Amino acid sequence: MMLWFVFALMTAAAVFAVLWPLSRHGRLQKDGSEAAVYKDQLTEIDRDVAAGLIASSEAAAARVEISRRLLAAADNQRDRPFVSSISLRRSAAVIALVGLPIAAIALYLPLGSPWLGDFPLAQRARAPEVTQPLDSLVAQVEQHLEKNPTDGRGWNVLAPVLARLGRYDEAVRAYRSSITYNGDSAERRADLGEALAAAASGVITAEAKAEFERALALNADQVKASYFLGVAAEQDGRAAEAASIWRAMLAKAPTDAPWRPLVQAALARVDGSAPALSDDIVAAAKDMNDTDRGAMIRGMVERLASRLKQNGDDVEGWLRLVRAYIVMGDRDKAKSALTDARQAVAYDAERLRQLNEGLKNLGLNG
Amino acid sequence: MIAESGHYALVLALALALIQSTLPILGARWRDFALMNVARSAALAQLLFVAASFAALVTLHATSDFSVVNVFENSHSLKPMIYKITGVWGNHEGSMLLWVFILALFGGLVAAFGNNLPLSLRAHVLAVQAWIASAFYLFILITSNPFLRIANPPIEGRDLNPVLQDIGLAVHPPMLYLGYVGFSISFSFAVAALIEGRIDAAWARWVRPWTLVAWIFLTLGIAMGSYWAYYELGWGGWWFWDPVENASLMPWLAGTALLHSAVVMEKRNALKIWTILLSILTFSLSLLGTFLVRSGVLTSVHAFATDPTRGVFILLILCVFIGGSLTLYAWRASALKQGGLFAPISREGALVLNNLFLTTACATVFIGTLYPLALEVLTGDKISVGAPFFNLTFAPLFVPLLIALPFGPLLAWKRGDLLGAAQRLSAAGIAALIAIAVLWAWTRGGSAFAPLAIGLAVFVVAGALSDLAERTGVFRMPFGTAMRRSRGLPRSTWGTAFAHAGVGIALIGIVCETTWNSEYIGSMKPNDTTEIAGYELKLAGVTQRQGPNFRETVAQFAVSLDGKPLSTMMPSKRNFTTRASSTTEAALLTRGASQLYISLGEAAADGAIAVRIYHKPLVLLIWFGPVLMAFGGMLSLSDRRLRVGAPKPAKAMRGLQAAE
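These protein sequences, in sequence, are chains A and B. Numbering-wise, this note's numbering puts 129 at position 129 of the first sequence, and it's gapless, one number per residue. Numbering-wise, this note's numbering puts 544 at position 544 of the second sequence, and it's gapless, one number per residue.
Hints in this document: simulated from the structure, not taken from any laboratory. Keep in mind that this is a model prediction, so the values were computed, not measured. There's no promise every hint is true.
[As the list claims (entries may be wrong)] Just the calculated beta-carbon pair ranges, DEER-fashion: (1) Val161(A) <-> Gly601(B): 32 to 38 Å; (2) Asp381(B) <-> Gly117(A): 24 to 30 Å; (3) Gly601(B) <-> Arg353(A): 37 to 43 Å; (4) Glu602(B) <-> Gly152(A): 23 to 29 Å; (5) His144(A) <-> Ile532(B): 51 to 57 Å; (6) Ala404(B) <-> Arg90(A): 57 to 63 Å; (7) Arg153(A) <-> Asn152(B): 28 to 34 Å; (8) Val94(A) <-> Asn116(B): 28 to 34 Å; (9) Ala13(A) <-> Pro344(B): 53 to 59 Å; (10) Val94(A) <-> Asn115(B): 27 to 33 Å; (11) Ile532(B) <-> Val203(A): 49 to 55 Å; (12) Gln123(A) <-> Asp381(B): 38 to 44 Å; (13) Ser581(B) <-> Gly329(A): 16 to 22 Å.
[Stated by the list, open to error] Computed, partial: chain A to chain B, Cβ under 10 Å: (14) Pro21; (15) Ser33; (16) Ala35; (17) Val37; (18) Ala59; (19) Ala60; (20) Val83; (21) Leu107; (22) Tyr108; (23) Val138; (24) Leu352.
The beta carbon of each residue, even a glycine, is placed where N, CA and C say it ideally should be.
So here's chain A without its partners, still in its complex pose:
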């Protein structure tokens, strides 16, 4: 209510600014005229002569010129007197009284968010945040690390949380810092590799693979690294190699290892010629060379893009598309997809928020 009161006051002030001059009768203030300027110029000449800046012959010539201008200006001024028309003023007043508030409200309502109050940070820090406790905790840890970047324990805590929140790129950076300040270990290398793969939408990139290999070099029995190297082999189309890696893992593993079912399922996938992914992608990709596989991926991305063009409500789909473009190294397309996404969900605050959250996780700044 307070806000609308302020708006009303402001509108009244604006209307008053237009009405006030209309209500004045008579010409109160004198306006300037060209004649005044020329008269001043004439006195200026006298001053210059007195100061010895110009000779008297030049001064005489200047006086003649200026007097000519003065006469012309005086002629001009007499030609049309000012008038004052009540009907003109009335219509102007109506425009101000009616038109101005209507124009202002009509412009403001579609643009503004009058139902939203202010959220200054100081006030929010005092009130405990119940809606996003994890987010604010993460923010606190990040702030702490910004000031004490060598605190290895902090990075250790932060990295898995970031990975779970889906902020993979930041998780990668956190794991790297953790390795720098806590020292190298097979577990950390494996986690870093996992985060790298997650950041690339599950594709084991060369970078991620290198991390897994380093983890195994440190500890040949590192379970996570072995598993993902198997996945890497599977993604490269070397199913037999993947199978042998996983078989070796199962052979060495204790019978009650919690990851057994996962590896067994993976093994069944490549061994039993079951389709690797529900939509047969890997099966189809197995026999292709790199160019064909790239073309297939591009085709899929294009299908996704055209689907989203028809129905833009799918926030997850948009995020997948943007991520796909980034993985393909096409930043321009990613950017334009991002703009399209914003436009598509612009009318829905909740979806827009989801989209922005997701984009933040992708490490994109709008």
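Chain A is already provided as a structure; the job is to place chain B on it using the hints.
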């Protein structure tokens, strides 16, 4: 409530601008003074609302209200308060709000202090000003609204581009905008004159202070920007012929020409067509600059806007205003009464020459800036037009201009005596020749151009001084008389001399810096020593430091000259975690007008660090020159007296020709 009130204030400002752009024009048409007076109160109210809106955005940034998209995207709660405030205009939306705020400020100033203007002229000027304002309010509200909100505000912002987290951002954009937007007033005056169909010496008197203010701020803004680039970007360069820099140079060149022809118009009632055209061109070039920077057509540090809808909108504004005003010009200019007559060799003639050179120089910059863009649009080829093009085209235009510069103030109005002026400049010419000879002997074998260019600069400075000496009669008359005469000399004359000398001084700086600049680029380990231009620099150590929102690597260099320790220089490299980017903070050691400059590169694994060390002789003169020019402008601005150009009476009538 602050955010929404600020938003609503901006909408109200638009509504007022729409009224201000129509009622006063109708009033002037029907000679109704009440309607014409609406312009005034509407302009003041508009200023009030835009100021409120701007203050609201500043408050939102200062209190880190991340429910506002603009704050969230460009601020961070850990940023020092000064950068929270300067960050307001360190982004597209906020800088556009600053733009309209300054536009409204100038409108409000005309309304408040325009008592000496005829009523209808003031009504027209303010109405034209309101057209511009309306277009830009609409642009802001529709395509770049700084008051958009987020329903669930995030807890932390994305931080400002680290390069912009510098004191330069507090000064450079506001100054530049005061210059850019200040020229809107001369534009409005020109369009108003065309609408009224009348223009004369009095008009020039009224426009003079506005043009001068805009020119002063633009001069300082460009110089400040150049110095900022020099110390922040870490390359030691001060002018890159970057399109964004060119965008600010073009209105400066046109504005300088405008300033000079407006003087002719005030004093002699001549060069009317020139003055009107330059008024229109100067502001058009300012708009073009805004378009180039804001539309994202160019990609550089400055272009933080890449949304195509914005570009199209500004292009539309550009076409309407430039096209409209030039059409009006073509239609009405011929109706303007012709002004005074003058001989080709006269002060007026010299100023026409000046206008020709400045506008041609402006045109070359224009071509060099826009040709690559046009080519890319038409053929898709990407080319870059850089320093070689500008050095080949810009310099040859400026050399004759600078040679002619000292002659101008020494010529009489209406008909001048070139030989007499040359005689009075003989002292300046001799000084220039001595400078050339000394430099030649001293730097034997170096660049042949440098001593000549410095001779030219000395000629310009000495020429400005001889003009003063001539007017005060300091060498001809007794000392007391000369002192009295110099006190009686109008401040505008002093202003002219300072501004012209500033050009020469800047030229000295430019030539010295580019010719005798020495550099060392390499990698150094702690306790390594290197020598440059006689100075000995020892890398004492490299340490890490934590700033408020960054980490920095600081290197200490012990500087000594001839074995005697001078000072310690501490260049650093800052890492900003939030944006995952880094900036270099160069260390500067000033010795007289020369500077030692160190900036850091990447650190290698073995503890060595890449460094760039420059010795830049007399580099500070490059910026001292513009400061002197601006000071001259201020002197001239403070001179409220009228300007009269007393014509030299003819001994025999001959060779007179029309002004245009």
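Results for each hint:
One distance hint, 32 to 38 Å for the beta-carbon pair Val161(A) and Gly601(B), holds here, with the actual separation near 35 Å. For Asp381(B) paired with Gly117(A), a C-beta distance near 53 Å fails the hint of 24 to 30 Å. The supplied range of 37 to 43 Å is met by Gly601(B) and Arg353(A), whose beta-carbon atoms lie about 41 Å from each other. About 24 Å separates the C-beta atoms of Glu602(B) and Gly152(A), a value consistent with the hinted range of 23 to 29 Å.
At about 42 Å, the beta-carbon gap between His144(A) and Ile532(B) misses the expected band of 51 to 57 Å. Between Ala404(B) and Arg90(A), the C-beta spacing of about 60 Å keeps the proposed range 57 to 63 Å intact. In this structure the hint that Arg153(A) and Asn152(B) lie 28 to 34 Å apart at CB holds, the actual value being about 31 Å. At roughly 33 Å, the beta carbons of Val94(A) and Asn116(B) sit within the given window of 28 to 34 Å.
Between Ala13(A) and Pro344(B) the CB atoms are about 57 Å apart, so this pair conforms to the stated range of 53 to 59 Å. In this structure the hint that Val94(A) and Asn115(B) lie 27 to 33 Å apart at CB holds, the actual value being about 29 Å. Between Ile532(B) and Val203(A) the Cβ separation comes to about 50 Å, which falls inside the hinted range of 49 to 55 Å. A C-beta distance of roughly 55 Å is found between Gln123(A) and Asp381(B), which places it outside the suggested range of 38 to 44 Å.
Against the hinted window of 16 to 22 Å, the Cβ-Cβ separation of Ser581(B) and Gly329(A) comes to about 20 Å, which satisfies the hint. Given the 10 Å rule on beta carbons, the hint for Pro21(A) holds: about 4 Å separates it from the nearest Cβ of chain B. At about 6 Å, the closest approach between the beta carbon of Ser33(A) and any beta carbon in chain B falls short of 10 Å, and the interface hint on this residue holds. Taken as an interface hint, Ala35(A) checks out: its beta carbon lies about 8 Å from the nearest beta carbon of chain B, inside 10 Å.
For Val37(A), the interface hint holds, the least distance from its beta-carbon to any beta-carbon of chain B being 4 Å, beneath 10 Å. Hint status for Ala59(A): holds, given a least beta-carbon distance of 6 Å to chain B, under 10 Å. For Ala60(A), the shortest C-beta to C-beta distance to chain B is roughly 8 Å, which falls under 10 Å, so the interface hint holds. Checking Val83(A) against chain B by beta carbon gives a least distance of about 5 Å; that is within 10 Å, so the hint holds.
For Leu107(A), the shortest C-beta to C-beta distance to chain B is roughly 5 Å, which falls under 10 Å, so the interface hint holds. Taking 10 Å as the C-beta contact cut-off toward chain B, the hint placing Tyr108(A) at the interface holds, the least distance being around 5 Å. With a cut of 10 Å, the hint placing Val138(A) at the interface with chain B holds, because the nearest CB-to-CB distance is about 9 Å. For Leu352(A), the shortest C-beta to C-beta distance to chain B is roughly 9 Å, which falls under 10 Å, so the interface hint holds.
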